[in-house]
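> Sequences and hints are given; from them, build the entire structure.
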Amino acid sequence: MRRATIDALSFHVVMGALAGTTLIVLIGPTLVVLITSFTNSFSLKFPPPGYSVRWYVALIDAWQIQAAALNSLEVALLCTALSVALGTAAALAIARSRSRLARALDALFMSPLVLPSLAFGLAALMFFSLIGVPLSFATLVIGHTVVGVPFVLRTTSASLQQLDPALLESSASLGAGGLYGFRRITLPLIRSGMLAGGFIAFMASFDNVPVSLFLSDARTEMLPIRLWQILENSLDVRAAAVAGVLILVTVVLVIVMERVSGLSRQMR
Amino acid sequence: MSQAATDFGAWRLALPLAGFFALFFLAPLGLLAAVSLFADSELSRLGLDQYAKFLGDPFNWRVLGDTILLGFQVTAATLLFGYPLAWLFHRVSRRLQTGLILIVILPLLTSVVVRTFAWIVILGRQGIVNSALLALGLIDSPLALLYSHLGVVLALAQVQMPLMVLPLITSLGKLDPNLADASAALGAGTWRTFLRVILPLSLPGIVAGCMLTFGAAVTAFITQSLIGGARLVYMPLYIYQQALTLQNWPFAAAVSIIFMLAVLLFVMLFERLGQLSRGYAHA
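Sequence order for the protein chains is A and B.
Counting in this note's numbering, the first sequence runs from 924 upward without gaps.
Counting in this note's numbering, the second sequence runs from 272 upward without gaps.
The hints are simulated quantities; they were obtained by calculation from the structure and are not laboratory data.
Quick reminder that beta carbons are idealized off the backbone N, C-alpha and C, glycines included.
Among the hints, a few may not be true.
[Stated by the list, open to error] Just a few of them, taken from the derived set where beta-carbon distance is under 7 Å, the chain A residues facing chain B: (1) Ala942; (2) Ala1013; (3) Ala1047; (4) Ile1065; (5) Arg1106; (6) Trp1151; (7) Leu1154; (8) Ser1187.
[Unchecked claim] Going by beta-carbon spacing under 8 Å, a handful of chain B positions derived as facing chain A: (9) Trp282; (10) Val306; (11) Leu356; (12) Ser382; (13) Gly398; (14) Thr441; (15) Leu443.
[As the list claims (entries may be wrong)] Stretches of chain A that chain B covers, calculated by requiring three or more beta carbons in the stretch to come under 8 Å of a beta carbon on chain B: (16) 960-972; (17) 1130-1137; (18) 1167-1173.
This is how it looks when you write it as structure tokens:
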């Protein structure tokens, strides 16, 4: 009996300690950035020697960072709209089909997730220069959409697979036409899948570096690339304030999306 | 299938995305493969010279080897620390579960640049780790954690942790709780039950998590380049340098193709392990 207790106890202590460490490691770095962003010094020393909001105030005049943020926001919104439209339509066509073609298409549409996106960015750059299309906002949106579609396809397909076909049959037998049935029955049922997928695609696009590196023209600066360059070269403390803003916005958006679409269930 | 179901599920709805992917995904990848087959950067002569050049230089093998090693180290670290968290998830109340899942998902949706930034602050010469070690008198001068392979492994393990934990949570949730009870009733201890029953039955989740984490870790350009610095070269940075800094498109294309094939090979290896493990779990 005593050995059994030691056995159970040691198991729970080891698992609990590892899980606790993981939790701290998951939250810790984000907190470190948040605290650092309120430093009053010119370095990223942690803990900061004193606290102030000076670096957040400095963002008000940082027009280059603001312009980059606006570019990223615009591209992310367009990419999300395109990803949701294309991805949802494709999900409706293939999610419930067992045909070989449908499975092959599904594998194709999901493959940007496992492919190194830097290699795709390079390939797309070569492609656009070959067909003579200059880099622009449009090329950025197209590149981001290829990477964003899998997220929408995955969540929307998952909610379609849970949908009871009897619902659609009864709506059809009551005389509801295809589009009407779609709008009144299918759409409300897959709405949260579409929202969650769109949200993940939006966040992925807003944060994308590998594709933007190759597909943005010289004049268009994207926020994550700007941040990356700051961190690589000058360690400008304003970057910490930008990071603080991004963290707060992400937390708020995630909580809202959890309420609206049950985000955490869609991501498992 | 009824009328309505076939109506809304019309295969035609896949056409826009199929066209989009054919034009903007398959065509570029085909072009990438084609460009890699040119012997010179002026694209005038065909040949396998770029591949020969890559395979003939030990430096390139080291870059590829380091990248794959990095992938395995990060995957092992996330599995070791992620599994207990997924296990804990199924042992707490519903309210706590919601909190835990948000803690796991939040980092996944937070900008990678921001998360990597945190590790620059933590690992730097004046960072938390060095300050703590100095204060404890364990070291005399700051360790060079930033710009080291170990630093990249640590940062990536944290950045990619959610990709491991989420499939594990799903997989452990599908286990029949009676199995653990049955094992205990038959006299097996807690450790034995875990190692012989729970761990093997959760292999599909482990494999899925490993595939995602490995794929993400080897391609994580931002974290690799910021924490590794310019001296530690991994495959994504190598492609970037060759393509944009040196403008050597055929060689960059060949390196991309080799890298994609390597990633694909290991992902398929994990998948094969998964199939074998499913047979094992059912036996």
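> All hints are to be evaluated individually against the structure, with a verdict given for each.
These are the hints, each one checked on the structure:
For Ala942/A, the interface hint holds, the least distance from its beta-carbon to any beta-carbon of chain B being 4 Å, beneath 7 Å. Interface restraint check for Ala1013/A: the shortest CB-CB distance to chain B comes to about 4 Å, inside 7 Å, so the restraint holds. Interface hint at Ala1047/A: satisfied, since its Cβ lies 5 Å from the closest Cβ of chain B, which is below the 7 Å cut-off. Among the interface hints, the one on Ile1065/A holds; its C-beta lies about 5 Å from the nearest C-beta in chain B, closer than the 7 Å criterion.
The beta carbon of Arg1106/A is not positioned within 7 Å of any beta carbon in chain B (closest approach about 10 Å), and the interface hint is therefore violated. For Trp1151/A, the shortest C-beta to C-beta distance to chain B is roughly 5 Å, which falls under 7 Å, so the interface hint holds. Contact between Leu1154/A and chain B, as hinted, is supported at the beta carbon level, the nearest pair being about 6 Å apart and thus within 7 Å. Using the Cβ-Cβ criterion of 7 Å, the hint placing Ser1187/A at the interface with chain B is satisfied: the shortest such distance is roughly 4 Å.
Given hint, Trp282/B at the interface with chain A, holds; its Cβ is 5 Å from that chain's nearest Cβ, closer than 8 Å. Among the interface hints, the one on Val306/B holds; its C-beta lies about 6 Å from the nearest C-beta in chain A, closer than the 8 Å criterion. Given hint, Leu356/B at the interface with chain A, holds; its Cβ is 4 Å from that chain's nearest Cβ, closer than 8 Å. Proximity of Ser382/B to chain A holds as hinted, the smallest CB-CB distance being about 5 Å (cut-off 8 Å).
For Gly398/B, the interface hint holds, since its Cβ comes within 8 Å of a Cβ in chain A; the closest pair sits about 6 Å apart. Annotation: Thr441/B was flagged as interfacial toward chain A, and the flag holds, the nearest CB pair being 5 Å apart, inside 8 Å. Interface hint at Leu443/B: violated, since its Cβ lies 11 Å from the closest Cβ of chain A, which is beyond the 8 Å cut-off. As drawn, the segment 960-972 of chain A meets chain B at 4 residues by the rule of a beta-carbon pair under 8 Å; at three or more, the given contact holds.
Check result for the segment 1130-1137 of chain A against chain B: holds, 5 residues qualifying (beta carbon to beta carbon below 8 Å, three or more required). Against chain B, the segment 1167-1173 of chain A contributes 3 residues with a C-beta closer than 8 Å to a partner C-beta. That satisfies the three-residue criterion, and the hint holds.
In this structure, the earlier hints numbered 5 and 15 are contradicted, and the remaining ones agree with it.
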